[in-house]
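Enquirer: Following the hints, position chain W against chain E.
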Amino acid sequence: MSTRLRYAYYPGCSGLGTSKEYDTSTRAVCQALGMELVDIPDWSCCGSSPAHTVDHRLSSALAGRNLALAEMLEDVRAIITPCPSCLTNLKTAAVRIRKPEFAAEVNRLLDKPVRNTLPVKSVLQAIIEDVGVDAVRPKVFKWLTGLKLAPYYGCIMNRPPEIMEFDDHENPVAMDQLMEAVGAEPVAFPLKVECCGASYGVARRDIVQTLSGKLLDMAALNGADAMVTACPLCQMNLDLRQDQINSANKTSHNMPVFYFTQLLGLALGIGEKDLGLSKLCVSPKALLDSLEARAERKAG
Amino acid sequence: MNVISLTASRDLDFIARVEKESGQKVSLCYQCGNCTAGCPYTFVYDIPVHQVMRLLQAGQKQTLLSCRSIWLCATCQSCTTRCPNNIDVAHVMDTLRHMARREGQDTEYGVKSFVDSFLESVEKNGRAFEMGLLVSFIMKTGRFWTDVDLAPKILPKGKLSPLPHKVKNPAAIAKIFERFRQEGHK
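Residue numbers (our numbering), protein chains in the order written: chain E, 13 to 312; chain W, 158 to 343.
Since the hints were made in silico from the structure, they are not lab data.
Ideal placement from N, C-alpha and C gives every residue a C-beta, glycine not left out.
A hint or two may mislead.
With a cut-off of at most 20 angstroms between alpha-carbon atoms, the simulated SDA-like pairs for lysine to any residue come out as follows [said to hold, decoys possible]:
id: 1; chain 1: E; residue 1: K160; chain 2: E; residue 2: E308
id: 2; chain 1: W; residue 1: K182; chain 2: W; residue 2: F171
id: 3; chain 1: W; residue 1: K182; chain 2: E; residue 2: F114
id: 4; chain 1: W; residue 1: K281; chain 2: E; residue 2: L28
id: 5; chain 1: W; residue 1: K310; chain 2: E; residue 2: S259
id: 6; chain 1: W; residue 1: K182; chain 2: E; residue 2: E174
id: 7; chain 1: W; residue 1: K177; chain 2: W; residue 2: I244
id: 8; chain 1: W; residue 1: K314; chain 2: E; residue 2: Q256
id: 9; chain 1: E; residue 1: K226; chain 2: W; residue 2: T199
id: 10; chain 1: W; residue 1: K177; chain 2: W; residue 2: Q214
id: 11; chain 1: W; residue 1: K281; chain 2: W; residue 2: F337
id: 12; chain 1: E; residue 1: K262; chain 2: W; residue 2: L307
id: 13; chain 1: W; residue 1: K310; chain 2: E; residue 2: C293
id: 14; chain 1: W; residue 1: K332; chain 2: E; residue 2: F114
id: 15; chain 1: E; residue 1: K160; chain 2: E; residue 2: A305
id: 16; chain 1: E; residue 1: K160; chain 2: E; residue 2: E197
id: 17; chain 1: E; residue 1: K154; chain 2: E; residue 2: A307
id: 18; chain 1: W; residue 1: K310; chain 2: W; residue 2: G289
id: 19; chain 1: W; residue 1: K281; chain 2: E; residue 2: L122
id: 20; chain 1: W; residue 1: K314; chain 2: E; residue 2: S295
id: 21; chain 1: E; residue 1: K226; chain 2: E; residue 2: S264
id: 22; chain 1: E; residue 1: K111; chain 2: E; residue 2: N128
id: 23; chain 1: W; residue 1: K332; chain 2: E; residue 2: L81
id: 24; chain 1: E; residue 1: K124; chain 2: W; residue 2: A329
id: 25; chain 1: W; residue 1: K332; chain 2: E; residue 2: D54
id: 26; chain 1: E; residue 1: K124; chain 2: W; residue 2: E335
id: 27; chain 1: E; residue 1: K32; chain 2: W; residue 2: S318
id: 28; chain 1: W; residue 1: K314; chain 2: W; residue 2: G289
id: 29; chain 1: E; residue 1: K32; chain 2: W; residue 2: K323
id: 30; chain 1: W; residue 1: K177; chain 2: E; residue 2: F114
id: 31; chain 1: E; residue 1: K226; chain 2: E; residue 2: V294
id: 32; chain 1: E; residue 1: K160; chain 2: E; residue 2: L203
id: 33; chain 1: W; residue 1: K323; chain 2: W; residue 2: M288
Stretches of chain W that chain E covers, calculated by requiring three or more beta carbons in the stretch to come under 8 angstroms of a beta carbon on chain E [unchecked claim]:
id: 34; stretch: 192 to 205
id: 35; stretch: 254 to 265
id: 36; stretch: 276 to 284
id: 37; stretch: 303 to 309
id: 38; stretch: 332 to 341
Here chain E stands alone, though its shape is the one from the complex (with noise of 0.2 angstroms):
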């Protein structure tokens, strides 16, 4: 393995759309971090939630056509991504492809075949392993003193432990550990792991209305002043759909959900252009300026 951070880089269908923002702001943290990007080279979709409930070898051979590009790159360490849905995706075909029988099946799809040399990491756990939590608090230019977080980490990151391999499967502590590096104050949050209602927004908004409601609910009455996460689905369902939710559920919810990435790099001084915080449908505007006041009354 390469003892440089070079990493093949799968940015993910909605990097490119609805989560613009955690493309550029997750860019720019790991260049800040000293972590070399190659994105993977023409990368197709990996087929999401709805390629695997269709049939499990065309779930596989979407994800599996990424992992045969990446593996072509030189020198990277490993494949990785900032989406828990992609990242998935491609782990579960990594694992399942260890099984001749079944890889067979998915190259019989594909134009090259998977050799399954590269480990698949998210974004989130190659900075938590390969750099370090220590390595970035030397790195920071603003202390984001006072910030109370809901650290949210969706249903599929951790989950189910065989595959995702990393963090806690009930109590993921990464995202709070970085937060806290960079001087912000992580509140108890039970429903961590808890599911968000996923991509049933469009079907069923009655589902995400109930179970992303729950997660606001959950992140106010423990005094979050904003929630941080990393996924892009759980982020557009609290987000961009909190107003749905506020008028199903009678509640009056206003709560800047961020990608943890634009929070660590608010942190490390990179720009706006980078982290995309006006792109967020709920504006962390207010909540940001009264950081310095708060900072300085803790200080005095």
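Expert: Okay, now just chain W, sitting in the frame of chain E:
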């Protein structure tokens, strides 16, 4: 209480097929209820997941392939992670959905239409095209007001592209779908 006549409706071939396709041993489930306890979707299910497992042991093919639960499982992996007998319950749910699809059942037409729109978008562009799949979903379901209230929120953010971000060689991805269909998986 529903009473099932096992002499009349127990489909042993169905049980064997689910076990083969999912790679899970269905008889290992002893109905502890841990899967249902952790399932965030029980509130919209017509059959809670531990009962799906029990009905499966009883070979109740038609009841299972026509239920709503198998379409509403989001594969959040709570059941699989917490099963004391290491049954990949989410895989069983997926397998039942595959079978229902192959047999032309679509109890949750909206969910099936979303999945179809998504995969059509991937087959055509190589990547999911968010705006396109929403339009396709609306056309399939006739739900013209789907998320129209979100448009003024998201459009000014420049996050929803009106055009797909195609891969350089979309034919390579279309070929995966084509070969998949040719193999006629059962």
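Enquirer: Evaluate each hint against the coordinates.
Expert: Against the structure, the hints:
no.	hint	in the structure
1	K160(E) with E308(E)	holds (16 angstroms)
2	K182(W) with F171(W)	holds (13 angstroms)
3	K182(W) with F114(E)	holds (18 angstroms)
4	K281(W) with L28(E)	holds (17 angstroms)
5	K310(W) with S259(E)	holds (15 angstroms)
6	K182(W) with E174(E)	holds (18 angstroms)
7	K177(W) with I244(W)	holds (13 angstroms)
8	K314(W) with Q256(E)	holds (18 angstroms)
9	K226(E) with T199(W)	holds (15 angstroms)
10	K177(W) with Q214(W)	holds (14 angstroms)
11	K281(W) with F337(W)	holds (15 angstroms)
12	K262(E) with L307(W)	holds (18 angstroms)
13	K310(W) with C293(E)	holds (7 angstroms)
14	K332(W) with F114(E)	holds (19 angstroms)
15	K160(E) with A305(E)	holds (14 angstroms)
16	K160(E) with E197(E)	holds (5 angstroms)
17	K154(E) with A307(E)	holds (11 angstroms)
18	K310(W) with G289(W)	holds (18 angstroms)
19	K281(W) with L122(E)	holds (17 angstroms)
20	K314(W) with S295(E)	holds (12 angstroms)
21	K226(E) with S264(E)	holds (13 angstroms)
22	K111(E) with N128(E)	holds (11 angstroms)
23	K332(W) with L81(E)	holds (16 angstroms)
24	K124(E) with A329(W)	holds (10 angstroms)
25	K332(W) with D54(E)	holds (15 angstroms)
26	K124(E) with E335(W)	holds (16 angstroms)
27	K32(E) with S318(W)	holds (11 angstroms)
28	K314(W) with G289(W)	holds (18 angstroms)
29	K32(E) with K323(W)	holds (16 angstroms)
30	K177(W) with F114(E)	holds (13 angstroms)
31	K226(E) with V294(E)	holds (18 angstroms)
32	K160(E) with L203(E)	holds (16 angstroms)
33	K323(W) with M288(W)	holds (13 angstroms)
34	192 to 205	holds (count 4)
35	254 to 265	holds (count 4)
36	276 to 284	holds (count 4)
37	303 to 309	holds (count 4)
38	332 to 341	holds (count 6)
The structure shown violates none of the earlier numbered hints.
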